[in-house]
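These are the residues of each chain, in order.
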Amino acid sequence: MWEVFIRSQHGLAHKHVGSLHAANSQSAMQHARDVYTRRNEGVSIWVVRASDVVASSPDDKAALFDPAQSKVFRHPTFFPTPDGVKHI
Amino acid sequence: MTAKFDYLLRLGDNCLVLSQQLSAWCGHGPALEEDLALTNTALDLLGQARLWLSYAGEVEGKGRDEDALAYHRDAPEFRNLLIVELPNGHYGNTIARQFLFDVWHQQLLAGLCQSSDSRMADIAQKSAKEARYHVERSASLMVALGDGTALGHERMQGAIDKLWPYAHEWFESDAVDAQCAQEGLCPVASSLADPWHSIVNSVLAKATLAMPEDVGHQKGGKRGLHTEHLSHLLAPMQVLQRTYPAAQW
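Protein sequence lines correspond, in order, to chains H and F.
Residues in the first sequence are numbered from -7 upward in steps of one, following the numbering used here.
Residues in the second sequence are numbered from 13 upward in steps of one, following the numbering used here.
Be careful, since some hints might not be right.
Unchecked claim - Each computed DSBU-like pair below joins lysine-lysine, with the alpha-carbon atoms no more than 35 Å apart: (1) H:Lys63 with H:Lys53; (2) F:Lys218 with F:Lys74; (3) F:Lys16 with F:Lys138; (4) F:Lys16 with H:Lys7; (5) F:Lys138 with F:Lys174; (6) H:Lys7 with F:Lys141.
None of these hints come from the bench; they were simulated from the model.
Bear in mind that the values here come from a model prediction, so they are computed numbers and not experimental data.
With the sequences and hints as input, model every part of the structure.
Below you can see the structure in the form of structure tokens.
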């Protein structure tokens, strides 16, 4: 199994688009091109062996993510912004 | 019929017939990835066929467009090479045929990019990018299948041996080829033989497949002398336009 990442245009980051079966990196690249870029989706492809991806475990969810809740002071919402500034 | 018209028909018909063949694998490929990849190739070839046949119709000047040429000619009026009308067989067979064709097609298109006819050169330039990928793909599949399991190896060798007699028609020049080459429209047919052999040789070696011995060549497609397979291929392709002429959707 291989995970496929496509960069849709220059300046953007590669984004995970899906996975596929392939015997080696060369055929993974060809398959990624054929399966995921048929409609002009990308300017660059990364393929990564699925087994090489280190993923967080669902069991660790509480320890990893819960502490970030209820810490509103980590959001930059306490600064007065001048009138007329739309995006910050 | 001018030589240029006939030559354009050959270019278009090769792409059209091979595209129709590959389309039969749609939904039947050995894996989703292969299925899509081969269908992509079929669509590339169909796009090329449209460009060549449209231009052929203009050169002929009798008001026939790409559809008239694709749907309203009978098998003897088709000018494709015999190799593209041979049955798909098993997947390895389809890939072997594709590989032999792709290597030749890429060489031909590279030559056509230098055509004295700017429209032909433009079409060739667009098609050459697609052909480059087709060769890369079919060559790597040849190696994967030929140098894989014992069964795969045996089947690929069988496929190459069977196709070999059909893989030389494209190098033989007739009056049409000779005249077009003389006018600078296309490369000399036989000039593609050396690069073709050297690429095919090296890929077959990597795939641990033996180069078949030359035992006579099959030809006739360029003159409209086809195998019985072509009619069977054209019937489902043409039936709708023949039954409801000018039908659109």
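Comparing the hints with the structure gives:
{"no.": "1", "hint": "H:Lys63 with H:Lys53", "in the structure": "17 Å, holds"}
{"no.": "2", "hint": "F:Lys218 with F:Lys74", "in the structure": "49 Å, violated"}
{"no.": "3", "hint": "F:Lys16 with F:Lys138", "in the structure": "20 Å, holds"}
{"no.": "4", "hint": "F:Lys16 with H:Lys7", "in the structure": "48 Å, violated"}
{"no.": "5", "hint": "F:Lys138 with F:Lys174", "in the structure": "32 Å, holds"}
{"no.": "6", "hint": "H:Lys7 with F:Lys141", "in the structure": "26 Å, holds"}
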